[in-house]
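Listed in order, the protein sequences are those of chains U and R.
Its first residue numbered 1, the first sequence is counted upward by one per residue in the working numbering.
Its first residue numbered 128, the second sequence is counted upward by one per residue in the working numbering.
None of these hints come from the bench; they were simulated from the model.
Do not rely on the hints blindly, as some may be mistaken.
[What the hints assert, rightly or not] Listed below are the simulated DSBU-like cross-link pairs for lysine-lysine, each with C-alpha atoms no more than 30 Å apart in a straight line: (1) U:K85 - R:K472; (2) U:K43 - U:K125; (3) U:K43 - U:K101; (4) U:K43 - U:K85; (5) R:K448 - U:K101; (6) U:K85 - U:K101; (7) R:K472 - U:K125; (8) U:K85 - R:K264; (9) U:K43 - U:K31; (10) R:K472 - R:K264.
Remember, it's a predicted structure, so these values are computed and weren't measured experimentally.
Spelled out, the chains give:
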Amino acid sequence: VRLVVIHYPYRYRDYAALAAQAAEAARAQGKFWEMHDLMLERKQLERDHLIGYARELGLDVARFTRELDGETYLERINRDVELAKRLDIYQTPTFLINGRKLVGERPFEDFQRLIDEELALAGSKRP
Amino acid sequence: MRGRRIGRSMLAALLWGALSAQGAELPLPGPLPLLQPPVAAKVELGQMLFFDRRLSGDGTMSCAVCHNPEQAYGDGRPLSGAYPTNKHWRNSQSLLNLAYLQSFFWDGRSDSLESQAQEPIHSAFEMNLNLDYLVEKLREIPAYRDRFRSAFGREVDPQAVTAALADFQRTLVVRDTPFDRFLGGDRAALEPAARRGLELFFGRAGCARCHSGALLSDQQFHNLGVAETQELLQDPRRRATRHFFQRQMGLERMDRDPGRYAVSRDPADLGAFRTPPLRQVAQTGPYLHNGSLATLAAVIDFYDQGGGPGTGKSPLLVPLKLTAEERAALLAFLHSLSGTVPVVKPPALP
């Protein structure tokens, strides 16, 4: 199973786009998920909080801050937003599992069922 | 073709003969009546509005987000989706067969589909838009203006918006299930397990004391003793939407679902909810007003145990001591309530 994360920062929260860029800046240093989890756990997403998380995760804080302030990853985020719009996706989180759409936070079992169905389907197609 | 058809109807006659003695005492309802279809132009307009994200304050939510045609017009989540950054506190109900209902929402606080339609648009944690403001926005969109003129013979106004949404929803009817065919006289429509389940449902298990009539709902309000979930008790955003609703209804804040009490102010109605109709129920989980039962098997176990642990529970609920076979039969019957869900694709929007 391959997971692809597409950013869709909520347009009426200015910290949302900043947090998405922070996740990308952490990814550049190999710590995307660590940053992701920390942001969801602490729920504070202003610039100084994000830099604090980078420090906590042992990232190169100077580089992280430079990239965050320089909007290094903003273009990537905007590309993702455009893609989401083309796919008619406006809710976060939205999951596309081999094209089957699940909207919103859901119980683990919902994903398990869909993924197992798709894995079985893929398995049956194998020669 | 002809020979096969005759063969099937003969088989049906034989089965009916074998089962009628057993079924004679079952107080079965008549079939679900065919309703007068609403005016097509209003339905088409309602369908456009149903899928239009302009009905929400931030342009992200349409009705179809939480009443998804691909999920039997519910959203398949324990608790409904909500306006971005908010969390809802009740389960999103299927819209199927609303045309037959007399009250709407879990607590029946609305007495028409037209008045119901206003509320999610206005709700701060659902679509978060002012209906009068929506009207002005729609008046600036030529294609909508024309459609309202031809469907209603007048300019866009709040009543026309909600009437169009209501008429669209009235077309979302399922009445071709095996159970419907059975009620219509095709005694072979139910497979043996579902047939045993039907006998339990209308007989010993007592389901039909509330899930009665052709709709399988008495449209009354009952307290099942459903336990509060930790998520509703603890999540600050869910607590906030629930308390906000209570304050809007003029109630004191309480860490439980007031249910019908919010409308009637009768303490006996605390935690009572309208019996939902059951067509397509296999597709409308999670179940109950707070989505706390994930599967139909869990629902059957819940009733088998005589409902939940909450206070004020209906005396109609008693432990049933069902056997495994009886539970399986009830499940088969509930699956026989699935038919053809109207397929509605998102229309092109102006």
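Hint check:
Proposed proximity of K85 of chain U and K472 of chain R is supported: the alpha carbons are some 18 Å apart, at most 30 Å. Using a Cα cut-off of 30 Å, the hinted pair K43 of chain U and K125 of chain U is violated, with the two alpha carbons roughly 43 Å apart. With a CA separation close to 26 Å, the supplied pair K43 of chain U and K101 of chain U stays within the 30 Å bound. Note on K43 of chain U and K85 of chain U: the hinted pairing holds, with a Cα-Cα distance of about 26 Å set against a maximum of 30 Å.
With a C-alpha separation of about 40 Å, the suggested pairing of K448 of chain R with K101 of chain U is violated against the 30 Å cut-off. Between K85 of chain U and K101 of chain U, the direct Cα distance comes to roughly 14 Å. Compliance with the 30 Å bound is thereby established for this hinted pair. Among the hinted pairs, K472 of chain R with K125 of chain U is consistent with the structure: their alpha-carbon atoms are about 29 Å apart, no more than 30 Å. Restraint check for K85 of chain U and K264 of chain R: satisfied, since their Cα atoms lie roughly 22 Å apart, inside the 30 Å limit.
Of the pairs offered as hints, the one joining K43 of chain U and K31 of chain U holds, with about 18 Å between alpha carbons and a cut-off of 30 Å not exceeded. Annotation: proposed proximity of K472 of chain R to K264 of chain R holds, straight-line Cα distance about 24 Å (limit 30 Å).
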